[in-house]
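Model the full structure from these sequences, guided by the hints.
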Amino acid sequence: MTSTFARHPGRLLVILVLLLHSVIVIYPLFWMITNSFKTTQQIFEASWTMPTVWVVENYVKAWQGGISAYFMNSVIVTGSTIVLTLALSSLAAFGMTRAEAGGAGRAAGLVLMACIGGMLVAPQVALVPLYKMMQALHLHDTHLALILMYTAYRLPITVLLIRAVFVTVPRDLDDSAHIDGCTSFQTLWHVYLPMSRSILLTASVLTAYHAWNEFLFAIIFIDSDRLKTVPAGLMNFRDALMTDWGVLVAGLVISAAPIVIMFILAQRYFMSGFAAGAVKG
Amino acid sequence: MAKLVLSDIRKSYGTFEVLKGIDLQIDSGELVVFVGPSGCGKSTLLRMIAGLEEITSGTLELDGVVVNKVSASKRGIAMVFQSYALYPHMTVRKNMAFGLKMARLPKDEIARRVDKAAQMLQLGPYLDRLPKELSGGQRQRVAIGRAITREPRIFLFDEPLSNLDAALRVATRVEIAGLHERLPQATMVYVTHDQVEAMTLADRIVVMNAGRVEQVGTPMDLYHRPANLFVAQFVGSPAMNIVRGRIVDGKPVSDPDGPLHLGMRPEHLVLADAQHPAVIEGRVLLVEHLGEVTLVHVKTAAEKAVIAKLAGDCPVTRGSDIKLGIAAEDVHCFDAEGQRLG
Chain A
1 MTSTFARHPG
11 RLLVILVLLL
21 HSVIVIYPLF
31 WMITNSFKTT
41 QQIFEASWTM
51 PTVWVVENYV
61 KAWQGGISAY
71 FMNSVIVTGS
81 TIVLTLALSS
91 LAAFGMTRAE
101 AGGAGRAAGL
111 VLMACIGGML
121 VAPQVALVPL
131 YKMMQALHLH
141 DTHLALILMY
151 TAYRLPITVL
161 LIRAVFVTVP
171 RDLDDSAHID
181 GCTSFQTLWH
191 VYLPMSRSIL
201 LTASVLTAYH
211 AWNEFLFAII
221 FIDSDRLKTV
231 PAGLMNFRDA
241 LMTDWGVLVA
251 GLVISAAPIV
261 IMFILAQRYF
271 MSGFAAGAVK
281 G
Chain B
1 MAKLVLSDIR
11 KSYGTFEVLK
21 GIDLQIDSGE
31 LVVFVGPSGC
41 GKSTLLRMIA
51 GLEEITSGTL
61 ELDGVVVNKV
71 SASKRGIAMV
81 FQSYALYPHM
91 TVRKNMAFGL
101 KMARLPKDEI
111 ARRVDKAAQM
121 LQLGPYLDRL
131 PKELSGGQRQ
141 RVAIGRAITR
151 EPRIFLFDEP
161 LSNLDAALRV
171 ATRVEIAGLH
181 ERLPQATMVY
191 VTHDQVEAMT
201 LADRIVVMNA
211 GRVEQVGTPM
221 DLYHRPANLF
231 VAQFVGSPAM
241 NIVRGRIVDG
251 KPVSDPDGPL
261 HLGMRPEHLV
271 LADAQHPAVI
281 EGRVLLVEHL
291 GEVTLVHVKT
301 AAEKAVIAKL
311 AGDCPVTRGS
321 DIKLGIAAED
331 VHCFDAEGQR
341 LG
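Chains as they are written, first to last, in the UniProt record's numbering: chain A, 1 to 281; chain B, 1 to 342.
Errors might be hidden in some of the hints.
Unchecked claim - Below, computed lysine to aspartate or glutamate pairings styled on DMTMM-like, alpha-carbon distance capped at 25 Å:
1) B:LYS94 to A:GLU100
2) B:LYS101 to A:ASP174
3) B:LYS20 to A:GLU100
4) B:LYS74 to A:ASP174
5) B:LYS20 to B:ASP8
6) B:LYS69 to A:ASP141
7) B:LYS20 to B:GLU159
8) B:LYS74 to A:ASP172
9) B:LYS69 to A:GLU100
10) B:LYS69 to A:ASP174
11) B:LYS323 to B:GLU337
12) B:LYS74 to A:GLU100
13) B:LYS132 to A:GLU100
14) B:LYS132 to A:ASP174
15) B:LYS94 to B:GLU175
16) B:LYS74 to B:ASP115
17) B:LYS94 to A:ASP172
18) B:LYS251 to B:ASP221
19) B:LYS94 to B:GLU133
Unchecked claim - What follows is a list of derived Cβ distance ranges for each label pair:
20) B:ARG129 to A:ARG268: 20 to 28 Å
21) A:GLU100 to B:THR59: 23 to 31 Å
22) B:THR56 to A:VAL83: 36 to 44 Å
23) B:LEU130 to A:ALA114: 35 to 43 Å
24) B:LYS107 to A:LEU88: 30 to 38 Å
Hint data in this document are derived by calculation from the structure and do not stem from the laboratory. None of the values given here were measured: they were computed from a predicted structure. All residues carry an ideal CB built from backbone N, CA and C; glycine is no exception.
Below is the structure:
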C-alpha cells in the first residue's frame, strides 16, 4: 500500500478527498439515525452523542401517527412512476434506435432534441401552467397528477440513458429475432430489455430517488392529507409550539430508508449501468 | 427441401440501384455460394431471400410460391450470421430453442430438436452455458445448431467464417461441409468473399460484381472456363495473368497491340522450353519461396507484372531475365470487351 502511494502520490489525495466526502454524506445520516432514538429533551441536551436510552417508541409513534399512510402513498406514486417511466422510455429509446434514415430518422432526431431540451426546463418554471392543466383535467389532488408529472420530468434523462445502451445492441440480433418470429415489441421484450438490465435498474433507482423525495409538486398538487406522500406528510409532524423532534426524526429515517436500501441492493448494477449509459452511444 | 427461383430481382436505395436484375434458380438440396468483392450486393441478395430486405422489383419464388411479401419468420428459412447473432442473455439451449418457442411448438418437441442438433454438432456439454463462455468456433456452431433446430427449408449463411481465425475457419468449414452431407435435402445459400470457401463448399458458385451475376457454375467450370475477365481474375489465387496478344497458327503470342486478352493462370506457366515456347519475356522482380511452390513476379515490357507459380526448387533469382511458356490449351482467350472466346 505504502509503495503504491509512493509511486502514485495523487492517489492518496484522491482517497482523502473521497473519505472527506463520505463523512459529509454519511454523518448527517448517522446523526439522524442516532437522534431518532432520543427524546426531544435528549436531542436538545446532547444532539452529538449516542442515545443513553434507546427510545424505539419514536418509530411506533411516527408510524401510527400517519407515516404509514404517507409511506403507502409514496410507494404507490413512486412505483407507478417507475413503471410508467421505464415503459415509455424503453419504447421511445427502442423507436429512436431502430429509426432508419428518412422521415423516421428525422423524427427520432427531433425526439432526441426534445429530450435534451426537456432536461433544461426547471420544474418551477412550469408550475403555474401545470397547476392550471391539472385542474382542467380534474387531476388536481390525485396521485395521478404526481405520477404524470414525475414521469414527464424523468423521461428525458431515462430515454437518453436507455437509448445509449440500446444503440450498442447489434442489428444482427434484430434480424435474428425477426427470423425467429418476433414482432418489434417482442424483440424489445425478449432481446433488448433483458440485455439492458443494468441501465433499467439504474433508471429505476434514479426515478425512485426523484419521485420518493420530491417535495414541491407534492405539496402543491395534493391537498388531502390522506393522499400525501412522505415528504409532504412529514410537514404535519411539525407543530409551532410542541414539535416532537424524536418522532419527527424517526419519520425522516423511515422516509429515507427505502431509497438508501434500494441503492445498496442495486449498487453493483447501478454503477455499471450508469457507466454504460454515460460512455456508450 | 426447397427450390428457389429469383426472377429479375432488383434492389434500390433511393436512386442508387444495388442489384440490377438477378435471375437465378437454386435447386432443392443444392449448396450455392454467392461470391464477389465487397459491395457487389451478395449480402443484400441473401437478406432479400431471408426477408430482411424488401425487394424493389422482380419475384422471389419458394417452391413455386411468390414470397416477396411473406415475412422472414414465415418463409421457413434459417440464417447463420457473421457475428453469430446469439442472444447474449440466453444459454445455448435457450438460444437454440427461442425460435421454436416463438413458433409455439410443444415443449417436448423443442427439447427433441435441441438435443438432436446439439448431438449433431457436439454441443451437449455447452447447453447450459452463456455465449460469452464459449470460444468463437463454439459460438458459430451454436449459431448453426440454432439454424438446424428450425428444420428450415433453406439455410442461409452470411459470411459465417469471417470472424474466426485461420485454424477455426478451416475446422468450421469442414463442419459446414459435413452438415451439407448429413442433410442432403437441405438447400443452402452461402455468402462469402473468400474464394477458397466458395470453391471447397459449393455445388455451384454465383460470381457477382456491381449488382450483377457474372457467371453461375460449378467450381471447376469457373476455374476452367471463366465467362469473362472478371471471373477469370476473381477465381484462382494468385489471380489469372491477363496480357494483350493474338493467336498465330493456333498458338498464343503476347503482343501489346493485340486484339485479344490472353488469360494465363500462374500455375500453368512454366520455364520456356522446346515444348513450351516463350510467350512472356521479362525480368524477375520478386521471388517468393513458399516451400511447395515458388511465386515468381515478372516485369514484362508493356504489361503489368505477371506472376508464375513454379516448382518449389526452381532456380530463379531476382533481377535475372526469364522466359515463360504455356501449353496452348491452357490459354484463355477473351475479346476486347472481356468476354470469353471459344
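Now for the hints, and whether the structure bears them out:
1. B:LYS94 to A:GLU100: Not OK: LYS94 of chain B and GLU100 of chain A at ~30 Å, beyond 25 Å, violated.
2. B:LYS101 to A:ASP174: holds (17 Å)
3. B:LYS20 to A:GLU100: holds (23 Å)
4. B:LYS74 to A:ASP174: holds (16 Å)
5. B:LYS20 to B:ASP8: Cα-Cα ~8 Å, so holds.
6. B:LYS69 to A:ASP141: Distance ~52 Å between LYS69 of chain B and ASP141 of chain A Cα, so the pair is violated.
7. B:LYS20 to B:GLU159: holds (22 Å)
8. B:LYS74 to A:ASP172: Since the Cα atoms of LYS74 of chain B and ASP172 of chain A sit roughly 18 Å apart, the hinted pair holds (cutoff 25 Å).
9. B:LYS69 to A:GLU100: This hinted pair holds, its Cα atoms lying about 20 Å apart.
10. B:LYS69 to A:ASP174: holds (19 Å)
11. B:LYS323 to B:GLU337: Roughly 28 Å between the alpha carbons, so the hint for LYS323 of chain B and GLU337 of chain B is violated.
12. B:LYS74 to A:GLU100: holds (24 Å)
13. B:LYS132 to A:GLU100: violated (29 Å)
14. B:LYS132 to A:ASP174: holds (19 Å)
15. B:LYS94 to B:GLU175: This hinted pair holds, its Cα atoms lying about 22 Å apart.
16. B:LYS74 to B:ASP115: With Cα atoms ~24 Å apart, LYS74 of chain B and ASP115 of chain B stay inside 25 Å; holds.
17. B:LYS94 to A:ASP172: The given pair, whose Cα atoms are some 18 Å apart, holds under the 25 Å limit.
18. B:LYS251 to B:ASP221: Measuring from Cα to Cα gives roughly 23 Å; hence the hint holds.
19. B:LYS94 to B:GLU133: holds (15 Å)
20. B:ARG129 to A:ARG268: 20 to 28 Å: Cβ of ARG129 of chain B to Cβ of ARG268 of chain A: about 22 Å, so the range 20 to 28 Å holds.
21. A:GLU100 to B:THR59: 23 to 31 Å: holds (25 Å)
22. B:THR56 to A:VAL83: 36 to 44 Å: holds (43 Å)
23. B:LEU130 to A:ALA114: 35 to 43 Å: Since LEU130 of chain B and ALA114 of chain A have Cβ atoms about 37 Å apart, the given range 35 to 43 Å holds.
24. B:LYS107 to A:LEU88: 30 to 38 Å: Holds, at about 34 Å.
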